[in-house]
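Here this note's numbering is used: the first residue of the sequence shown is 1, the next is one more, and so on.
Rather than coming from a laboratory, the hints here were simulated on the basis of the structure.
Remember, it's a predicted structure, so these values are computed and weren't measured experimentally.
No false leads were slipped in.
Simulated restraints on C-beta separations:
1. G106 with G27: 48 to 54 Å
2. G80 with S153: 21 to 27 Å
3. P149 with A96: 16 to 22 Å
4. A132 with S157: 27 to 33 Å
5. I89 with D154: 18 to 24 Å
6. F86 with A152: 28 to 34 Å
7. L125 with T52: 16 to 22 Å
8. I159 with E112: 53 to 59 Å
9. K160 with S82: 33 to 39 Å
10. G80 with K160: 34 to 40 Å
11. L99 with W77: 17 to 23 Å
12. M78 with I50: 42 to 48 Å
The C-beta atom is built at its ideal place from N, Cα and C for all residues, glycine as well.
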Amino acid sequence: MALDLKSLKLDFETLQPHSNRSLDPPGFDQSLAKEVTVSTSSQRKKDSGILTRKQQMLYARATAPIKNIGFMCFMAWMSGNSIQIFSIIMTFSLLAQPLSAILNSGQVFPKEPDWPQLDVLLPRLLYCLIQAGQIVFGLYKLNGMGLLPVYASDWISAIKVGHCTPDAWHGRCRGPWKPPTPPCEAWADK
Numbered sequence: 001m002a003l004d005l006k007s008l009k010l011d012f013e014t015l016q017p018h019s020n021r022s023l024d025p026p027g028f029d030q031s032l033a034k035e036v037t038v039s040t041s042s043q044r045k046k047d048s049g050i051l052t053r054k055q056q057m058l059y060a061r062a063t064a065p066i067k068n069i070g071f072m073c074f075m076a077w078m079s080g081n082s083i084q085i086f087s088i089i090m091t092f093s094l095l096a097q098p099l100s101a102i103l104n105s106g107q108v109f110p111k112e113p114d115w116p117q118l119d120v121l122l123p124r125l126l127y128c129l130i131q132a133g134q135i136v137f138g139l140y141k142l143n144g145m146g147l148l149p150v151y152a153s154d155w156i157s158a159i160k161v162g163h164c165t166p167d168a169w170h171g172r173c174r175g176p177w178k179p180p181t182p183p184c185e186a187w188a189d190k
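With the hints as constraints, model all of the structure from the sequences given.
Following this line, the structure appears as structure tokens:
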């Protein structure tokens with residue numbers, strides 16, 4: 001198809017320097033440039049479709065860290081329960097990463113002012129629940145390593161030492177310690 005060069009020729013002599021007439025570029029069709037008005041019912045269907053897609057994207061964003069959390073838990077399980085620097089660092093990263101993710105969940109799931117009917121709360125709660133699962137596994141791992149203070153012997157330094165007088169016959173304590181009373185008043189003066 002040959003292009004006719006005469007149809008692309010512009011006549012600059014007829015143009016005034018301050019005219020408001022604008023020229024369309026070659027190949028421009030004015031009928032295609034007009035805005036098409038869509039009926040309100042089809043616009044509502046389109047809006048509800050976009051809303052459901054946005055809601056699905058929020059749930060997809062909420063469940064995205066499951067694979068990463070599963071991998072981290074598997075790596076922590078493979079590191080064993082012995083107290084070594086690698087397993088301790090791995091366990092503390094099991095706790096630090098989800099805590100920072102929960103604290104920054106407001107930035108992950110922001111409210112959109114254009115879509116006030118979009119539900120952000122449930123995907124955010126699901127995201128926090130998944131992150132809490134990793135925290136629970138990290139605490140389980142710390143307990144398995146013996147780094148959680150769950151026994152009474154772990155808190156022995158905080159227990160007050162009780163003073164008591166030993167019973168001479170049985171060798172056991174009878175109540176709180178009291179200074180011995182002198183047998184008679186003559187000894188009290190000395």
